[in-house]
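*Asks:* As a plain string of letters, each chain reads:
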Amino acid sequence: MKTIFKLVVLCLAILTSNIAIAQKPINDWRFLEESIQRRGAEKVKQMNDHISFIANKKKAYNDRTYHKTKCLNLFIGKGNEYQQWYGSQYITRKGVFMEVTSLSDTSLRRHPLMKTYLTSLFNLRYSEVVIQTTALSKMRVSNLQHVYSNEYTCTVYFQQAFAGFRDGRPVYIDITEKAVKCYVEIIDGEDGKECIVRLGDVHATQTRGGTLSEFNLYEEDADYNPTLDDWHARQPRY
Amino acid sequence: MKYKITLTFAIIVFFIQFAKAQAVITNLLNEELYDARVKLVDEFFDRFNLKELHPNIERDSNLSVNSILFLFDYEYLQSSKDSVFPMAMKFAKYVVSENVKISYSDTTWTAVAHCKGKLKGKPISLTLHLNVEHRSEDMYKWVITKAEGDILSLKPSFEDERIMLMPDDHETNFVSLRRITTEKDDIITNYRNKDYKLDQTAVFYSLVYYGLLDIDMVERLQFEFHQIPGYIFTVSKVNRETLNSGWLITKLENGD
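Residue numbers (this note's numbering), protein chains in the order written: chain X, 1 to 238; chain E, 1001 to 1256.
Treat the hints loosely; a few may be bogus.
[Unchecked claim] Below, simulated DSSO-like cross-link-like pairs (lysine-lysine); rule was C-alpha separation at most 27 Å, straight line:
| id | chain 1 | residue 1 | chain 2 | residue 2 |
| --- | --- | --- | --- | --- |
| 1 | E | K1118 | X | K115 |
| 2 | E | K1116 | X | K94 |
| 3 | X | K78 | X | K94 |
By construction, these hints were calculated from the structure, which means they are not laboratory data.
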């Protein structure tokens, strides 16, 4: 009983400390960039979680629809066409799109709107779909680029494994690496600077099959001046 | 009773299949490969400038030189030309000894985007060269510096010495200009000044401006770096399931 009580207290302490960190105002530029990068990765993680839920045929249709709406809310324009103001007039921008490739033809790319892509996840022709993505802590975020006044951009990179099953057997597998554009707006909040992150276009940069190979590291010589043959002998086997 | 047993068995089989499915996917995302991969161009910069290292590199006295060499596409290093590896070694040693760094804000690196698109609905290919341009303060942007491609060369469908504006056309108010732009458009460059060098970039801008040309996708993207005195190197995306993958140096040449 005492152990359970201690565990509960520990969990509560962890939870409340995380909430405190999330609400901490950002006033120091040194930490601002890291915070923005982290927020961008968190938004992408949310996107991936929603996508996994939507593709899961075991979930109720209404729940999947709810997650589709929540996912679209992460994007600029909420996935719809939107107006972008440029000081003297608006330009109408098409909705955010998801660049999609397939194993059968990697030079062919489709650019469905994000709304259309999310809808297509409802009707995948597999009895079961499993999607896994890079952990939040491992997502790679590019350097922050200042674009205008209080606006910035960055790109979040991650990998996604997708497997479609029929009768318990994987009939389609791919690994895709994706880069998600993030648009960041820094605003003055009550307790300091805060950032609003909206996601933009998602680019799939490569699709490949789920086969892996071994890599052997080479050992170093004391006098480092290897010939090409030496280098050959020590390089990874493909 | 029988029904309950069958149902229980079906549920067990279902969850076993699901567990197998999860196990398959768990094996597909390999963390070691992910960490080793040069995932973003920013990451290439960081590894080149020795701010970050390949996770599997030996931490010894040759660390810096090896870090640069690890940024080469291994298959390029072992290509048929034996001069590549010694040149790469010389390059790596030079970069380390001179403490050369590359920066996003340099004007001496170029993105080369090989594009596929449509001209009036028909598929075409073209290449765009882009450079980073400073705007103000800490803000930059990419700008198009050159466009090139067969469809931008405006090569006439045929040439003949007699295709010309007549020497006395000035007497008829150059009514011939109406003819050359309404009768057969694709020989228009036959009427140019003999010394005129066609600006393919201007052609690109004109075609897009008038809604005739769309780019569908960037099929292949490369970056050319001219920052290292005496060398030009090209970085491309190399996709492999090994610890040598991602944005890597795929070509190294002697430069000015």
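*Asks:* Under the criterion that the straight-line Cα-Cα distance not exceed 27 Å, is the pair E:K1116, X:K94 satisfied?
*Replies:* 20 Å, holds
*Asks:* Does the alpha-carbon distance linking X:K78 and X:K94 stay inside the 27 Å limit?
*Replies:* The given pair, whose Cα atoms are some 11 Å apart, holds under the 27 Å limit.
*Asks:* Could you grab the alpha-carbon distance between E:K1118 and X:K115 and see if it respects the 27 Å cut-off?
*Replies:* Distance ~25 Å between E:K1118 and X:K115 Cα, so the pair holds.
Comparing the model with each earlier hint shows no violations; every hint is respected.
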